[in-house]
Amino acid sequence: MSARDGRGRASGRDAPAAGQPGDGLSTIGRPMRKVDGLAKSTGRARYTDDIRLPGMLHGKILRSPHPHARIVAIDTSRAEALEGVHAVVTGSDMPTRYGIIPWTPDEYPLCVDRVRHIGDGVAAVAAVDEDTANAALDLIDVAYEELPAYLDPHKAIAADSGPYIHEPRKPGQNGNVTKVVRLEFGDVEAGLGDSHVVVEGDYFFEGTTHTPIEPHCAIGLAEGNGKLTVWSATQVPHYLHRELARVLEVDPAHVRVIQPPVGGAFGGKSEPFDLEFCVAKLSMMTGRPVKILYTREEVFYSHRGRHPFHMRYRTGATRDGMLTSVDAEIVMDGGAYASFGLVTTYYAGQLLTAPYRMPAYRFHSTRAYTNKPACGPKRGHGSVQPRFAFEVQLDRIAERLEIDPIGLRRRNFIGANTRTVNDLRITSNGFLECLDEVERASDWKRKHRRLPFGRGVGVAGSTYITGTNYPIYPNDMPQSGIQLQVDRSGRVAVFSGASEIGQGVDSMVAYIVAEELGVPLDHVRVLAGDTDFTPVDLGAYSSRVTFMLGNACIDAARKLKTQVQEAVAAEWGVKPREVLLAGGLAVQAGDTGTSMPVRDAFNLAEAAAGTLGATGSYNTPKDVHGDYRGATIGASPAYSFTAHVAEVEVDVETGFVTVDRIWIAHDCGRALNPVLVAGQMEGSAYMGFAEALMEEQIFKTEDQGRAGLHNAPSLLDYRIPTSLDTPALESLIVESIDPEGPYGAKEAGEGPLHPSIPAIANAIYDAVGVRMDSLPFSPPRVWRALRSAGVTGARRGVAR
Amino acid sequence: MLRLPPFRYHRPGTVDEAVALLGEFGTEAMPIAGGTDLMPNMKHRLFTPAHVVSLRGIGAMRGIEVVGGRGAGSATPAPGTEKVLRIGALETLANVAAHPLVRRHFPGLADAAGLVAGPQLRNMGTIGGNVCLDTRCTYYNQTSFWRSALGYCLKKDGTVCHVTGVGRKCVAAHSADTPPNLVALGASLTLAGPHGERIMNASDFFVTDGIWNTRREPDEILTGITIPIATGRRSAYRKLRQRNSIDFPLLSVAVAGDFEETGTVKRLTGVVSALGARPRVLAGWSELAVDGRLDGATIDALAQRAHAQCRPLDNLIVDAEWRRAMVPVYVRRALEELTES
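Residue numbers (our numbering), protein chains in the order written: chain A, 1 to 800; chain B, 1 to 341.
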């Protein structure tokens, strides 16, 4: 599907859409290639594992076979004696706790006294090659004392005595609980009491993981002069920089993190991992570079994927379908470590309050520790699960009240330039246009409740943050910085701290530089992801990069542009603002016959002002949230909005659900490059569809041989859809032109995932009249639900 | 990435040389063709042969041709010269799936070959390797770390079957797509070993032991497959899996029947697999179908007969009760395809 085909209408309330006459833009808004596209598609891109340094050793990590145990003793002497082994490191060599959230540091690079899940790292080896390192792992003797394991979050929360999974922060507390959040806005019980209908539902969202194609990989290089360099497939070089320095007790000025191109991340590489500390420490011990590449199995154990959520919702509405009150009770299965869990526990409730107006809202979310790999952020962090439940709730309300589900959503639209019930500031909002687009494109009115038995359509909407107003560690410095430098040839170099993880950020800054300085796109070079040479950007997470780095880039480019305009204006004897930079030229406004190559303009500016360069930065608004505890979590400079319609066919005999097509309308503010936006929309919808139908990060029980053992840590048995399973995905771009976004842009990388799952659930209901309230909607589960509801294979569906 | 254990690679040019190498190294050696089954199993340390004997250089094990009768196309072969299709064991699954002779005579087999894994694996994997595919189980096809955390299982390095909870019998699933079709079609298999060649019916080749589910001795090589060609024969294959590519079957159904021109059934065989350690020939089908027409009522009766005979266990990670319930559905769909052809 081409992005051009999928190009939707612009809502255009504030400005002409990009790429349309009158928008004043020449590069932004047009379909363009990625700057790294050719290198990646021809195999020339060098990922972390492609890097081989002279004298490099290979590392491997010994992992716990127990879900929960005390480490009684570790004897590494036999491993150290093996020929070819250069160093062995254990937890006691790095006894400093870390954690991505500064308030919940609960991990060591390697376990010090306790293992908390099967796969937890215990020791690491550096050897001349991988086989020797593997052989050495077999020679490390670890004595464990097994402890009772918690696999069920409800049981973990109910525990009233230790040993808990973590030491309680205060005596008497339950060490199995990461975080509890209770927030209420308005009078929820009164609102429910006054409602014409109250719909209650229990929902379960199974855990899923990211499955990036590239496994985690890191290389450490400690030089004799105290300098430490770590190459890593990470989304967060800046946080990794900080944590490496702190945990390994190295001056941060001597630590350099280089992030090569990353082969997919999706949130699974957004915090430090054991291998990064291990390669650094092993290199410090041996004086040689050390590489560790995870196996696919280790990627499943490192996890940080979507939390399993047990959710109970009560949703009230008036006779007209206006929402009155929403009550949510959520238990989250966090796995062995906190990861981003403190934030997840807030997001579970905070991000539900748009795009619909809620007069009263309450949520109570609890994150439990369990003896399984730690959950964390996955595309749509914390809000995909509640969105599934809530959009199914809305479908139920619409049905009860006999209101069209799209109409119900329109009625409850929260609007633009407003505040949510929990005091989040909404600026631009193109959600109504999203609903219009999917309704039109899917031919909704002729299909909903009108297709033959076995076929159905479903709708869902959502919102998501465009970055967070508050950084992970408190500070007042910019969230994103960039530096530009101009060569006498007309080439512009961009030093960007942001992380290219396939989403196109390197391309995005090149487009902006080309737009602002009028240089051809292939005159822009982007050097990114190297903490020695690039300004700080906080990382590729929470859909923050285009908005924040884009604004920083505009800031820098316009400073540079001013210098050039002044120099050319002096040459021509005109006012600086009369000098335009576009199409490789400096042109006099109002007299296009007067022009010079932009390179000459740069040379004039360099002669006048000295070496040409500029820095730019962006920081978030800090005064736009409520005044309750937790009000800053969920606060974003802008929110994206999405609506999906999914069309499905259900084989009633077998339970197979075939999703034929998903129409995806997404308000991204402005599409800086519609091809990349459509790619993000399709990728998001695919990922949601995959979670809806197939994915399960689950574990064996005691009855299944071994409690806490991953059910299927391979890409053969952890099933994600192949191209043959994937529906047609139709992207409909909606542009609301955000007042604070770069050229009006907002996020597009995570929001479009959310509605896939409830839209499919609602479509299944439309097809066969059965509610699927537990994920995934795999054939056995759908078959069981159909049987329970008394729907049998009287009508035969698609043959397989 | 998982590492292969070290091994020495041999590449003989003839069957005799290959058999000699297997004999010389005994239990230290294993044959390899496409490697799509053995290589991942070696990475998982399920097999660690010191010697791997490649069959890829043996030209005599390739080829797909009709032999016997009075030449291809002859309608009435002379007695004792039954017309057969011979498929060399080294032919890739991609070739078998696309070959016009296979497609014409045995569409069920061609479909089955084309449904194995994905295109790249079908380009490497051979039909001989598919016939000899190791059985599969959620407790077995895992890394050595995973299996050590489990405490191993009866099939490899352990004493307990985690599916049944006892230590008597391995119930790993026969998971190959082509054998149920070969059984249903009455194919025979040619094995070469230290004592020469022997020929065995495909239906006798498999046994109900999940640890080693064929009668092939470790020093024998499957060299070729022979399938009788009969006029009026139809065949079909149905594979249950959650994705439309890559996955092994959760249930497989092969049916083959000989029909009079009038549509009367002369012979009908159904084979169900991917449930236990060997493909199961469904019992009691002849009395229900032979000399009648394959109408809806007959098909339903056959499907119910199949259902009564199949009781899958939790050897794969997908709901066994659902897999069982799919038996009559998939049998019926396969039989309906016969009536359409």
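There's no promise every hint is true.
Result set (SDA-like, lysine to any residue): computed pairs, CA atoms no more than 25 Å apart in a straight line [to be verified]:
| no. | chain 1 | residue 1 | chain 2 | residue 2 |
| --- | --- | --- | --- | --- |
| 1 | A | Lys-445 | A | Met-56 |
| 2 | B | Lys-43 | A | Met-56 |
| 3 | B | Lys-43 | A | Tyr-765 |
| 4 | B | Lys-43 | A | Ile-140 |
| 5 | B | Lys-43 | A | Asp-50 |
| 6 | B | Lys-43 | A | Lys-40 |
| 7 | B | Lys-43 | A | Ala-712 |
| 8 | A | Lys-40 | B | Gly-118 |
From the structure, some residues in chain B lie toward chain A, with a derived Cβ separation under 7 Å [said to hold, decoys possible]:
| no. | residue |
| --- | --- |
| 9 | His-44 |
| 10 | His-51 |
| 11 | Arg-243 |
| 12 | Trp-322 |
| 13 | Arg-324 |
In case anyone wonders, no lab produced these hints; they're calculated from the structure.
Values in this document were obtained by computation on a predicted structure and should not be read as measured data.
No residue lacks a Cβ here, since even glycine has one placed at the ideal position from N, Cα and C.
Do the hints match the structure? See the list:
Distance check on the hinted pair: Lys-445(A) and Met-56(A) sit about 63 Å apart at the alpha-carbon level, beyond 25 Å; violated. For the hint linking Lys-43(B) to Met-56(A), the alpha-carbon distance of about 24 Å falls within 25 Å, and the restraint holds. For the hint linking Lys-43(B) to Tyr-765(A), the alpha-carbon distance of about 44 Å lies beyond 25 Å, and the restraint is violated. A distance of roughly 21 Å separates the Cα atoms of Lys-43(B) and Ile-140(A); the hinted pair therefore holds under the 25 Å criterion.
Between Lys-43(B) and Asp-50(A) the alpha-carbon distance is near 22 Å, which keeps this suggested pair within the 25 Å criterion. Of the supplied pair hints, the one linking Lys-43(B) and Lys-40(A) is violated, its CA atoms being roughly 28 Å apart against a limit of 25 Å. Taken as a hint, the Lys-43(B) and Ala-712(A) pair is honoured in the structure, with Cα atoms around 16 Å apart against an allowance of 25 Å. Straight-line distance between C-alpha atoms of Lys-40(A) and Gly-118(B) comes to about 24 Å, which keeps the hinted pair within the 25 Å bound.
A cut of 7 Å between beta carbons decides the hint on His-44(B): the least distance to chain A is about 10 Å, and the hint is violated. For the restraint placing His-51(B) at the interface with chain A, the shortest Cβ-Cβ distance is roughly 18 Å, beyond the 7 Å limit, so the hint is violated. Because the closest C-beta pair between Arg-243(B) and chain A is about 5 Å apart, less than 7 Å, the hint holds. The closest approach between the C-beta of Trp-322(B) and any C-beta of chain A is roughly 4 Å, which is under the 7 Å cut-off, so the hint is satisfied.
The beta carbon of Arg-324(B) comes no nearer than 11 Å to any beta carbon in chain A, farther than 7 Å, and the hint placing it at the interface is violated.
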